[in-house]
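Top line first, the protein sequences correspond to chains A and B.
So the first sequence is numbered by this note's numbering: it starts at 1 and just counts up by one.
So the second sequence is numbered by this note's numbering: it starts at 1001 and just counts up by one.
One should not assume that every hint holds.
[Unchecked claim] Simulated crosslink set (PhoX-like; lysine-lysine; CA at most 20 Å straight-line):
1) A:K43 / B:K1132
2) A:K143 / B:K1132
3) A:K90 / B:K1132
[Claimed, not checked] Some, not all, of what chain B presents toward chain A, calculated at C-beta under 10 Å:
4) I1029
5) L1033
6) G1034
7) D1039
8) D1136
9) A1140
10) S1179
11) E1181
12) P1183
13) K1184
14) I1233
15) P1234
[Unchecked claim] Just so you have them, the derived chain A footprint on chain B, three or more residues with Cβ under 8 Å:
16) 1114-1120
17) 1152-1164
It is worth saying that the hints were derived from the structure and are not from the lab.
Heads up, the beta-carbon is just placed ideally off N, CA and C, and yes, glycines get one too.
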Amino acid sequence: MKLKLALAILLSTTTLVASAGPIEDQIKTRQSAYSFMGWNSAKIKAQVADKPETYNKEQVITAANVIAAIANSGLGSLYGPGTDQGIGWKKTALKPEFFEKQDEAKKLATDFNREANEFAKVAATGSVTEIKDKFGKLSESCKSCHQSFRIREQH
Amino acid sequence: MPTIKIKVWDLPLRAFHWLLVFTVLAAYITAELGGNLTDWHGRIGALALGLLVFRVTWGFVGSTHARFVSFFPTPRKLLTYLKGHWTANGHNPLGALSVLALLGVLTALIGTGLFANDDIGFQGPLFNLASKSLSDRLTAWHEFSFNVLLILIGLHLAAIAFYFFLKKTNLVKPMITGSKEVPKGLASQTTGGGKARFVIATTIAAIVVWLIFGGIVAEQLSPAHNIPANAAIPSW
């Protein structure tokens, strides 16, 4: 019985670890997610803020939906223990205190998800000005997490 | 000792100084708050670039105490000042070092900012001339030079306080009014500057800002420039 329980615990922990993958894979996947979101947010920024004359409603909606989908995809599971050290596409910029301040991390992540979802709604129904304002809110939520948990690039 | 009022700082120089104070404050606030204010950070950067180019030009064509040649801190001047024998008007040699250091750091700060990105939605006007990784490094240098600027501003304020409390000299007032009371024997003439030269310096500054922030430089030099702008975007 005890052996069975031990086996079950062992199995379930290995499955958990396996689902998130080795450290390098977790880092690689999340770095990819953020670069891809960056590609989409750059399109939105260009079309609603920098060159409003190029605004293309469908493209902005598509980009907003991509960001929301990535935000809702459960990025949190890519932040397994030990992933503050390691190299994905490049060295991770995650600060170790991410693991000590889990409440703050959760709050920032939840705020970001909410903003991403609300932004997708505004992108579908709002005017360019409304989209631009909401995009500002979304990027604030990006920034607040960068400030708390991302190591600044070294010069 | 009888004193006499002399002109030290010309109006464009004073306007530059206080606009720069505003610019540094506004740039700091907009950078910290982020969001859509990041775009304002970029616009304030354009103003800062214009002010810097103006000041450097004014360093050649401005009035006496604005000109680099008149206050350039040679070792001999520094020695005289440190021995306590300095009596001339305008920037003293140590202050001149501080002015040059401030202008140097501002050049680094503004120069790197032109290539910077914030990994969210902001890109400096010359971002396309650099790779993303180079831009990231220049962004780090941008932040680093701001910290150096803060240190220099701290020294600047400390020197003002030192002069005010210990040497009983108010350095802020002349930067507002442009004139200063000096002992009669130390009176000196301030010449040069003038409206025409001010227009020239301002025009040079405006052209530089327009070339860089209007996208003209990046458009001409960018590697992406070879791709036709109207290349069809695949619908898939």
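Right, here's what the structure says about each hint:
1. A:K43 / B:K1132: holds (16 Å)
2. A:K143 / B:K1132: holds (18 Å)
3. A:K90 / B:K1132: holds (13 Å)
4. I1029: Violated: closest Cβ of chain A sits about 14 Å from I1029 of chain B, beyond 10 Å.
5. L1033: holds (8 Å)
6. G1034: Check passed: Cβ of G1034 of chain B comes within 4 Å of chain A, closer than 10 Å.
7. D1039: Holds, because the Cβ-Cβ distance from D1039 of chain B to chain A comes to roughly 6 Å (cut-off 10 Å).
8. D1136: holds (5 Å)
9. A1140: holds (4 Å)
10. S1179: violated (43 Å)
11. E1181: violated (46 Å)
12. P1183: For P1183 of chain B, the interface hint is violated, since the closest Cβ of chain A sits about 48 Å away, which is over 10 Å.
13. K1184: violated (52 Å)
14. I1233: With a closest approach of 8 Å, the I1233 of chain B hint holds.
15. P1234: This hint is violated: P1234 of chain B lies away from chain A, its Cβ roughly 12 Å from the closest one there, beyond 10 Å.
16. 1114-1120: With 3 residues in contact (Cβ-Cβ under 8 Å with chain A), the coverage given for the segment 1114-1120 of chain B holds.
17. 1152-1164: violated (count 0)
When the structure is compared with the earlier hints, violations turn up for hints 4, 10, 11, 12, 13, 15 and 17 and for no others.
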